[in-house]
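Peer 1: Given next are the chains, with one letter for each unit.
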Amino acid sequence: MNPRKVRVLVADDEAHIRQLIHFILDSLGAEVVAEAADGETAVRLYQEHKPDMVLLDINMPKLDGMEALKRIVATNNKTLVIMLTAQNALDVVKQCLEHGARNFILKSNSAEELDKIIRETWQEYVEEIRGGEGAHGM
Amino acid sequence: MGCKHSNPSGYAFCAVCGEPLAYKRCRCGFVCSDRDSFCGQCGAELSNIDSTRKKGSAPIEDADHRLDLGQLAELAAQENQYAETQKVRVTQDDIRKLLAKRKKKLS
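Residue numbers (my numbering), protein chains in the order written: chain F, 6 to 143; chain Y, 4 to 110.
If we strip away everything but chain F, and leave its shape as in the complex, we get (with noise of 0.2 angstroms):
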């Protein structure tokens, strides 16, 4: 039996990068459920579709990732969020870790390390998350 798949929520106001990112899940065989340009719209699609992880930009319009971040957090403290983003300051990757982040990839990588990045980082969790039969239990 196939396992099932892992619904990945991205959000990032960059059209190229949701693509890039969109691209590189569908050949780890995620299932990617929603795209979101803004943080408002992250926090919405996230409670409609109650994805299994969040990748998660930090500098979008309306609401930004870090205050996306606490809301997905609080609405379900066991999802997986993963922050993406070009932001490197060291106070802004702690302060994701501290509200709830479970990695950090930055976005200065070039394609090719950013693919195998995310590689790595699916890898680590995928196995977490069937396991644990997903962050809402499907």
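Where hints are given, some of them may not hold.
[To be verified] Label pairs and their computed distance ranges (CB to CB):
| no. | chain 1 | residue 1 | chain 2 | residue 2 | range |
| --- | --- | --- | --- | --- | --- |
| 1 | F | 125 | Y | 20 | 48 to 56 angstroms |
| 2 | F | 31 | Y | 6 | 18 to 26 angstroms |
| 3 | F | 8 | Y | 83 | 48 to 56 angstroms |
| 4 | Y | 109 | F | 10 | 22 to 30 angstroms |
| 5 | F | 124 | Y | 79 | 24 to 32 angstroms |
| 6 | Y | 16 | F | 117 | 41 to 49 angstroms |
| 7 | F | 118 | Y | 104 | 15 to 23 angstroms |
| 8 | Y | 18 | F | 96 | 23 to 31 angstroms |
[Said to hold, decoys possible] Okay, derived cross-link-like pairs now, DSSO-like style, lysine-lysine, Cα gap no bigger than 30 angstroms in a straight line:
| no. | chain 1 | residue 1 | chain 2 | residue 2 |
| --- | --- | --- | --- | --- |
| 9 | F | 121 | Y | 7 |
| 10 | F | 99 | Y | 7 |
| 11 | F | 83 | F | 99 |
| 12 | Y | 7 | F | 75 |
Rather than coming from a laboratory, the hints here were simulated on the basis of the structure.
Virtual Cβ for every residue (Gly too), placed ideally from N, Cα, C.
Knowing the structure of chain F, use the given hints to seat chain Y on it.
Peer 2: Positioned in the frame of chain F, the structure of chain Y alone reads:
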């Protein structure tokens, strides 16, 4: 008294007289005017972010008010402290190490 120059959003000091202006710093690091409701860079709401203006003091542009040396020193120290934390940039490797350290600490 302030020179009443209308400074653009994001200015911490008056561009004409150099007087410190009340401002809010967004979580993303962008400096916004005290009167801004949303960050001009990332769009985050600023209503829950305190302005740098001291409680009880009049708005700089509305009163005959100048920050004293102590207040200026405190403001400068806050700015330096913030700048220091902002200066520390990390690479993906640094993040890996940080995560491994946290994991070790938690286990």
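Peer 1: Now look at each hint and say whether the structure bears it out.
Peer 2: The hints, checked one at a time:
1. F/125 with Y/20: 48 to 56 angstroms: holds (54 angstroms)
2. F/31 with Y/6: 18 to 26 angstroms: violated (58 angstroms)
3. F/8 with Y/83: 48 to 56 angstroms: Taking Cβ atoms as reference, residue 8 of chain F and residue 83 of chain Y lie about 52 angstroms apart, which means the hint holds.
4. Y/109 with F/10: 22 to 30 angstroms: Cβ of residue 109 of chain Y to Cβ of residue 10 of chain F: about 29 angstroms, so the range 22 to 30 angstroms holds.
5. F/124 with Y/79: 24 to 32 angstroms: Check failed, 46 angstroms falls outside 24 to 32 angstroms.
6. Y/16 with F/117: 41 to 49 angstroms: With a Cβ separation near 44 angstroms, residue 16 of chain Y and residue 117 of chain F satisfy 41 to 49 angstroms, so the hint holds.
7. F/118 with Y/104: 15 to 23 angstroms: Cβ of residue 118 of chain F to Cβ of residue 104 of chain Y: about 22 angstroms, so the range 15 to 23 angstroms holds.
8. Y/18 with F/96: 23 to 31 angstroms: Since the Cβ atoms of residue 18 of chain Y and residue 96 of chain F sit about 29 angstroms apart, the hinted range of 23 to 31 angstroms holds.
9. F/121 with Y/7: The hint is violated at about 54 angstroms.
10. F/99 with Y/7: violated (40 angstroms)
11. F/83 with F/99: Roughly 19 angstroms separates the two Cα atoms, so the pair holds.
12. Y/7 with F/75: Status violated; Cα separation ~40 angstroms.
Hint violations for this structure: numbers 2, 5, 9, 10 and 12, all remaining hints satisfied.
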